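Colleague: In case you want the letters, here they are:
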Amino acid sequence: MNTPTMNSMQRTLTALGQKEPDQVPLFLLTTLHGAKELNLTIEDYFSRAEHVVEGQMRLRQKYRSDCLYAFFHASIETEAWGGTTIFLPDGPPLCGAPAIQRPQDIDTLQVPQVVTCAPLAKVLATIRALKQRVGDTVPIVGVAISPFSLPVMQMGFHAYLELIYEQPERFEKLMQANEAFTVAWANAQLEAGATAICYFDPVASSTIVPRELYQRTGMRVAQRTISQIKGPTATHLASGRGLGLAEDIMSTGTAVIGVSAQEDLAQWKQIAAGRINLLGNLNGVEMRRWTPQQAQDHVKTAIAKAARGGGFILGDNHGEIPWQVSEEVLLAIGDAVQRWGRYPLSWVADEHATEPA
Amino acid sequence: MDTLIKPFREALESLDRVQAESLFQRALGQHTPLEAVEQVVVPALEQIGTAWHEGSVALSQVYMSGRFCEALVDRVLPPSDPDRKHQPRSAIVVLSDYHDLGKRIVYSVMRASGFEIFDYGRMDVDALVERVMTDRLRVLLISVLILPSALKVKEVCAQLKARGADVKVVVGGAPFLFDDQLWNEVGADAMGQSASDAVAIVERWMGEMQ
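Protein chains in written order, with the numbering used here: chain A, 1 to 357; chain B, 1 to 210.
The following block holds chain A by itself, in its conformation from the complex (with noise of 0.2 Å):
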């Protein structure tokens, strides 16, 4: 077995760059981990900084995972619209009640400005501190929602999806607002020193809308505000399928696309075909009750199917571990990765990896 020769960023560079590195990079994608870490419950965990920083810090060098995640919580964006955030003592923090109470609301919505919102400040010092503290070594990961997923924390799913269907031109309207907040809020966490933009996208995906609603929609959305942020960006479909929209979201300029765990990487990879990065697949949910063994396994499947020629990152299908995921699951994860991860990675036959029983 090779020795790592390659820090975090060179090995993520170079399979950005469709080329093999020393070893897969995996972005394990942990959040609220953290607060495990400092002994804190998640609220406090995140109300400071210091402690998301702290809690990074610990986390990588514990997990070996190849990026930092400045990601707080989805919620944080809606706290800038005049939205709240309820903390869960056991789960992500989710959406209070939508800012936008009833359609008629985004016809004097007014875009905040994220170098004035306090909660958007608390993530760009918690960037500028970590790359402090690493400098080019290691991409630091920061996270904007798409305009077209915003309203789902904005309006609220159903009110959004009728807005969708039945008032295209307020629809509209709010595409306007989210794109011009969206497009500051990813230059300004690349300012700050995160090194790509996680676009979250879950409304996109063919598990929410169909295709040809999309392509109306939120893929010219995407291709507008992607081609104004100002660094790379990896569209995450938050576990929704986008096997079928392959071709479409690579038109928005996307540089990496996370892959559910409903879907097959070697399908994704041939579709792919060097014109996208992969990042993916090991469930989230699943991995909750794996066993280390189980982990391996589906590091290896993961591995077989997508790794070989570069263009391949391996992380989890949703963008965040779940808190209850343990710790020996995940350090199970970043053996698999020193032990299976090394390239050539000469073990993987060239037929299709069989599944983990």
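It should be emphasised that the hints constitute simulated quantities derived from the structure, not laboratory data.
No experiment lies behind these values; they were computed from the predicted model shown.
Please note that the accuracy of each hint is not assured.
Below, computed lysine to aspartate or glutamate pairings styled on DMTMM-like, alpha-carbon distance capped at 25 Å [unchecked claim]:
hint	chain 1	residue 1	chain 2	residue 2
1	B	6	A	212
2	A	269	B	155
3	A	36	B	155
4	B	154	A	90
5	B	152	A	43
6	B	152	A	44
7	B	152	A	327
8	B	152	A	286
9	B	152	A	90
10	B	152	A	328
11	A	300	B	155
12	B	154	A	286
13	B	154	A	327
Guided by the hints, dock chain B onto chain A, whose structure is given.
Modeller: Chain B in isolation, oriented as in the chain A frame:
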């Protein structure tokens, strides 16, 4: 009647309300309202549910179809209509979660299939158990989106069992779709992969409970 199912389904999926309405009226011209619901609306929604599970139909289409059909069926079979299904006392709830799209979809599809069902909204474990006991429910449908909520179903089932409730629990939502052993682990009696699955499960239990 079978010939109406496919075009009705296609009209629902493409949100062509005029066409869906016209096809439903054609069904009503030939049959009683209950027959029209059972032989056109229910099979079309079933097919849409199956197609969603297989990945060829999106959640937005399932939601909009269910909502449209619920209104359609309410018009011809008002909630008090004696033709509504004779059914076990049933309720649907979002457990300790703030995501209610799944519940709305299942509620609409259940009602569009002729069921009457309590909508408990969002509740936490203890309050839910009390309400189930008070209402003497026979069927409880629990919808969740996040994993911590899915795991709380275990507490609900354990408390209901401890209190001797004669109720069956069916669960649904993303965590159960991503881990097919989870529903069993939390002590539910069944898991619905789609809204129409929930209808089929309750129909099956109705037969067993008679």
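Colleague: None of the hints should be skipped; say for each whether it holds.
Modeller: Going down the list of hints, with the structure as the test:
no.	hint	verdict
1	6(B) - 212(A)	holds (20 Å)
2	269(A) - 155(B)	violated (42 Å)
3	36(A) - 155(B)	holds (24 Å)
4	154(B) - 90(A)	holds (15 Å)
5	152(B) - 43(A)	holds (20 Å)
6	152(B) - 44(A)	holds (23 Å)
7	152(B) - 327(A)	holds (22 Å)
8	152(B) - 286(A)	holds (16 Å)
9	152(B) - 90(A)	holds (11 Å)
10	152(B) - 328(A)	holds (23 Å)
11	300(A) - 155(B)	violated (36 Å)
12	154(B) - 286(A)	holds (17 Å)
13	154(B) - 327(A)	holds (23 Å)
Violated hints, in rising order: 2 and 11; the structure is consistent with all others.
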